[in-house]
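**Q** The residues making up each chain are set out below.
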Amino acid sequence: ILNVEQSPQSLHVQEGDSTNFTCSFPSSNFYALHWYRWETAKSPEALFVMTLNGDEKKKGRISATLNTKEGYSYLYIKGSQPEDSATYLCAFVTDKLIFGTGTRLQVFP
Amino acid sequence: SQTIHQWPATLVQPVGSPLSLECTVEGTSNPNLYWYRQAAGRGLQLLFYSVGIGQISSEVPQNLSASRPQDRQFILSSKKLLLSDSGFYLCAWSGQGQETQYFGPGTRLLVL
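These protein sequences, in sequence, are chains D and A. Position 105 of the first sequence, counting from 1, maps to 326 under the numbering used here, and the rest follow consecutively. Position 32 of the second sequence, counting from 1, maps to 175 under the numbering used here, and the rest follow consecutively.
So here's chain A without its partners, still in its complex pose:
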């Protein structure tokens, strides 16, 4: 069966510090991968998605970036965090051509 891992579970970072959140998927190959953010009081916002290694589509202009160095690994990064980057970050995967998405446990990020 497929599983999706995210780490860390929680993170407190100062403004201006770098960020790296990692997501890995097991039990499937060539998944579509997604990064979402839920800011306080708001819905899920798609940040990035990837249909293959090295292929990243960005949905919202921001100071975040994403990379997919391996088939089942998706990384969310920032060189300098802003206060507005605080939120709950979810990674998800879906099969190629299947729209149902399966979510990881999430990372709660607080930027102070």
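With the rest of the complex left out, here is chain D:
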């Protein structure tokens, strides 16, 4: 059984703070890792597809890094805003997506 773990489970930060959280996945037979953002009352939305060890991808204030040798990916949010409040999911790609349980981020004004 493949295990994809995310930590922390939840995070509360003040507006303007920078934050990061972790996705851990099996380091063998790596193909790709996805990050999704899931806002309350909306559908999960794809953020990044990470494929190469050492990859770093950026979208606005959000960036992600990938270490396939040790089996982890970090998601960073610089200068958090209330609209960043959401659950952030990572998904390990096999013949399907294996999702982690997510990190629930709340940003307080």
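Derived from the structure by calculation, the hints contain no laboratory data. It should be emphasised that the depicted structure is a prediction, and the values quoted were computed from it without experimental measurement. Please note: incorrect hints may appear among the correct ones.
[Unchecked claim] Below, simulated EDC-like cross-link-like pairs (lysine to aspartate or glutamate); rule was C-alpha separation at most 16 Å, straight line: (1) D:Lys317 x A:Glu242; (2) D:Lys280 x D:Glu266; (3) D:Lys299 x D:Glu266; (4) D:Lys317 x A:Asp228.
[Unchecked claim] The following label-pair restraints were derived from C-beta to C-beta distances: (5) D:Leu273 x A:Leu255: 41 to 51 Å; (6) D:Ser239 x A:Pro161: 43 to 53 Å; (7) D:Glu260 x A:Ser200: 21 to 31 Å; (8) D:Glu226 x A:Pro161: 16 to 26 Å; (9) D:Glu260 x A:Gly195: 25 to 35 Å; (10) A:Ser227 x D:Val234: 29 to 39 Å; (11) A:Glu202 x D:Glu291: 20 to 30 Å; (12) D:Lys279 x A:Ile196: 33 to 43 Å; (13) A:Asn173 x D:Glu236: 20 to 30 Å.
Note that beta-carbon positions come from the ideal geometry of N, C-alpha and C, so glycine has one too.
Once you have looked at the hints, place chain A on chain D.
**A** Chain A in isolation, oriented as in the chain D frame:
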């Protein structure tokens, strides 16, 4: 552009009643289609996926079933709902050979 529809948005059903949730995709052909469930306090669990009409793969043994009668239509069904079927059901699609999945708006199901 591609869009994905799910209905109904919310549903309250008694235990033992049947279920039918529908998902349709527009703007693409021959998509891979998926049904996920998020139970309270848990992550997204893949229930079924389909790579073509009439082709269904089941991930978790349960009293649910799925069908794909048309290329862009995916239906989740049950003959008799259980309390444990309560949750948030998401349909998703991806292109053939592309792993990024695009999710529908979801159906919140409460079984009483």
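**Q** Lying within 16 to 26 Å: is that true of the beta-carbon distance Glu226 (chain D) to Pro161 (chain A)?
**A** violated, 37 Å
**Q** What's the verdict on Lys280 (chain D) and Glu266 (chain D), does the C-alpha distance respect the 16 Å limit or exceed it?
**A** holds, 13 Å
**Q** Just to be sure I understand the hint, the distance between the Cβ atoms of Glu260 (chain D) and Gly195 (chain A) should be within 25 to 35 Å; is that true here?
**A** At roughly 32 Å between Cβ atoms, Gly195 (chain A) and Glu260 (chain D) fall inside 25 to 35 Å, so the hint holds.
**Q** Between the beta carbons of Ser239 (chain D) and Pro161 (chain A), is the distance compatible with 43 to 53 Å?
**A** holds, 50 Å
**Q** Are the Cα positions of Lys317 (chain D) and Asp228 (chain A) separated by 16 Å at most?
**A** violated, 22 Å
**Q** With respect to the beta-carbon atoms only, verify the hint that Lys279 (chain D) and Ile196 (chain A) lie 33 to 43 Å apart.
**A** Taking Cβ atoms as reference, Lys279 (chain D) and Ile196 (chain A) lie about 39 Å apart, which means the hint holds.
**Q** Given the hint that Lys299 (chain D) pairs with Glu266 (chain D), does the C-alpha gap stay at or below 16 Å?
**A** violated, 19 Å
**Q** Is the gap between the beta carbons of Glu202 (chain A) and Glu291 (chain D) within 20 to 30 Å?
**A** holds, 28 Å
**Q** Could you grab the alpha-carbon distance between Lys317 (chain D) and Glu242 (chain A) and see if it respects the 16 Å cut-off?
**A** Answer holds: Lys317 (chain D) to Glu242 (chain A) is near 8 Å, not above 16 Å.
**Q** Using the beta carbons of Asn173 (chain A) and Glu236 (chain D), state whether their distance is inside 20 to 30 Å or not.
**A** violated, 44 Å
**Q** For the hint 29 to 39 Å, verify it against the beta carbon of Ser227 (chain A) and that of Val234 (chain D).
**A** holds, 35 Å
**Q** CB of Leu273 (chain D) to CB of Leu255 (chain A), is that within 41 to 51 Å?
**A** holds, 49 Å
In this structure, the earlier hints numbered 3, 4, 8, 13 are contradicted, and the remaining ones agree with it.
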